[in-house]
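J.: Residues per chain, in single letters:
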Amino acid sequence: MEANRRKFLRIGGTCALGLGTSKVWGVFAEDFEKPAENSKALGVGRWGMAIDMKKCWEKGKSGCRECILACHTSHNVPDIGNRKEEIKWIWTEKYENAFPGRLSGLEPPDLREKPFLVLCNHCENAPCARVCPTRATFKRPDGITMIDYHRCIGCRYCMAACPYGARSFNFKEPREHIKSELNHAFPTRESGVVENCNFCEERLSAGKAPLCVEACKEQNCEAIIFGDLEDPESEIRKLLAAHFSITRKPELGTKPGVYYIIQGRGHA
Amino acid sequence: MLERALSGSSRYYKLLGVLLTLMAVGLAAYLIQNERGLTVTGMSRDVSWGIYIAQFTFLVGVAASAVVVVLPFYVHDVAAFGRITILAEFLAVSAVAMSLLFVMVDLGKPSRILNIIFYPSPGSILFWDVVALSGYMLLNLFIGWNALEAERKGTCLPRWVKPLIYVSIPWAISIHTVTAFIYAGLPARQYWLSSIMAVRFLASAFCSGPALLIALCCLIRKYSRFDPGKDAIGKLATIMTYAMLFNLFLLGLEFFTAFYSGVPSHSESLKYLFIGLNGHQNLVRVSWLFVVLAAAAVVLLLNPGTRQSEKMLLGAAGCVFASTWIEKGLSLVVAGFIPNPLGQIYEYSPTLPELIIAMGVWAVGFFILAIFYKITISVKSEAAR
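Top line first, the protein sequences correspond to chains A and B.
With our numbering, letter number 236 in the first sequence gets 236, and the count goes up by one each step, no holes.
If you want our numbering, it's the 1-based position in the second sequence plus 1000.
Excised from the complex, chain A in its bound form:
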């Protein structure tokens, strides 16, 4: 009897171990860079954005927030109403906060006082995606940093890793705080998951430009330019080739995909 039970346990244990290893094997054998089917169809190298701040300040109406509104309404971003738990995909910061450590103190007052648009940089070398313990945050082959709201465990490691403060965590149930009309075409989120700007991937796959870009265009401002950073013929590449631009914290090696044109077009 004793020998039989021992034998049974031994065989059972070996089987369980075998099943366990198959899972581990899967991890290392897996191809991490499976291309998403859609992006190939679009034939895009890497999506990127250029923001001409001077144009935004000079041509935009004073206190214009159309890009932020367009984004936040369409993406069902809740208005939590306190700074501590704020959810934001695109917002404004002062120069010294958008580019900390860069302030000499003698810049033109405009530069120091006026708002800079900030959002997820969709870094090529994204720390948030690197640290995610479940691969809920991942890089798409077209450069977009995406998050799977249904896989995220809410550990907030990505928030510790993001050098741009671009990630928001749902500290409470967000649906009760959506002040605008609900957009049924885009998912709402649950309490306990992280979210960030998705470069309007839902619109890109339908062949449309991101909402912030559209909203800016509607204001006859066109301060936000969007396009393929890997295509030398794209509008954004031509613009960046013709004007001096900076990215946020380039020294960290994250390779941001959002560029800021400082010496505006028509001023060079």
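These aren't lab readings, by the way, just hints derived from the structure by calculation.
In this text, all values refer to a predicted model and were calculated from it rather than measured experimentally.
Be a bit skeptical, because a hint or two may be false.
According to the in silico footprint, chain B covers these stretches of chain A (three or more CB under 8 Å from chain B) [claimed, not checked]:
#1 11-19
#2 74-86
#3 94-103
#4 124-137
#5 152-164
#6 171-183
No residue lacks a Cβ here, since even glycine has one placed at the ideal position from N, Cα and C.
Based on the hints, put chain B in the right spot on chain A.
T.: Okay, now just chain B, sitting in the frame of chain A:
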């Protein structure tokens, strides 16, 4: 052997009763957090980790109690530690159990915790830390339990346990290293972006683990028939002294680089901790308390007279434990987020529910510890007879 946990003195039952009550209160607070979300805590989008992750970090250190005893005993034949190896291993088990629970209570979506295993991410340090910690907990559980069983039967350790013991030694180094890597690899946080982080974690682990073990040994001697031995406690005190000095030396190195280089991003968090930044000084008092406790520990430990008196040694162990708790279990984590990556300052203070949940997790750990120690002491005093 497990049945020995069920019968004990009334003092034992009272202890379990108190711990169970604290656990129940913690659970109630956790249910509220689970219902309302992490909004019940003091964490924010700027300070996105708080007391939970700090406790996790500190308790991984306490788990070093096992290796500081196991390494000398099994590799260098330091016989004095033979009496306390099992105690040290079970302390490590409970410390790691608490660490893992602290990660669990910090999650926004705890129900999805298995996603770490379902979608393993070799690129994520947190994934490796969960692997390292669970492995270390199981190793110590197996080793401790088998050693105790051998002691009960009066036989020597089963042969297959020996390799596990040798594996557990580098594994212990790995848990501190990997936990340090969670912090030391983030470009966004200059305060943590330091290559000596792993060594600092090892140093503070090698003093906080023995500190708690010394206190527990003294308690056991006082309240049970089992005597862990003066010699073992004395040797632990030596290890703790060296580790504490090294720990403070390494912290000093951080100060040198931060302030002599003059690079603002390297010194801002330290300034926030010790003098306050732009008028924000939530942690200044507790940081200076750290300095006082650490200094007291050094004085008590370096002076042979005080180190060899049991009462003074207990006081020194208390100072070591409390000062490393302030440094690893609070300020290291919080100050990493201040200022935030945009150079703004938003402070953090834990809320009452957050503290109650943390207390509940500590109670779980001490409950596990009480049960294991009860079994161990029963077996050991029977074997002695």
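J.: For a quick check of understanding: which of the numbered hints are violated here, in increasing order?
T.: Failing hint: just 1.
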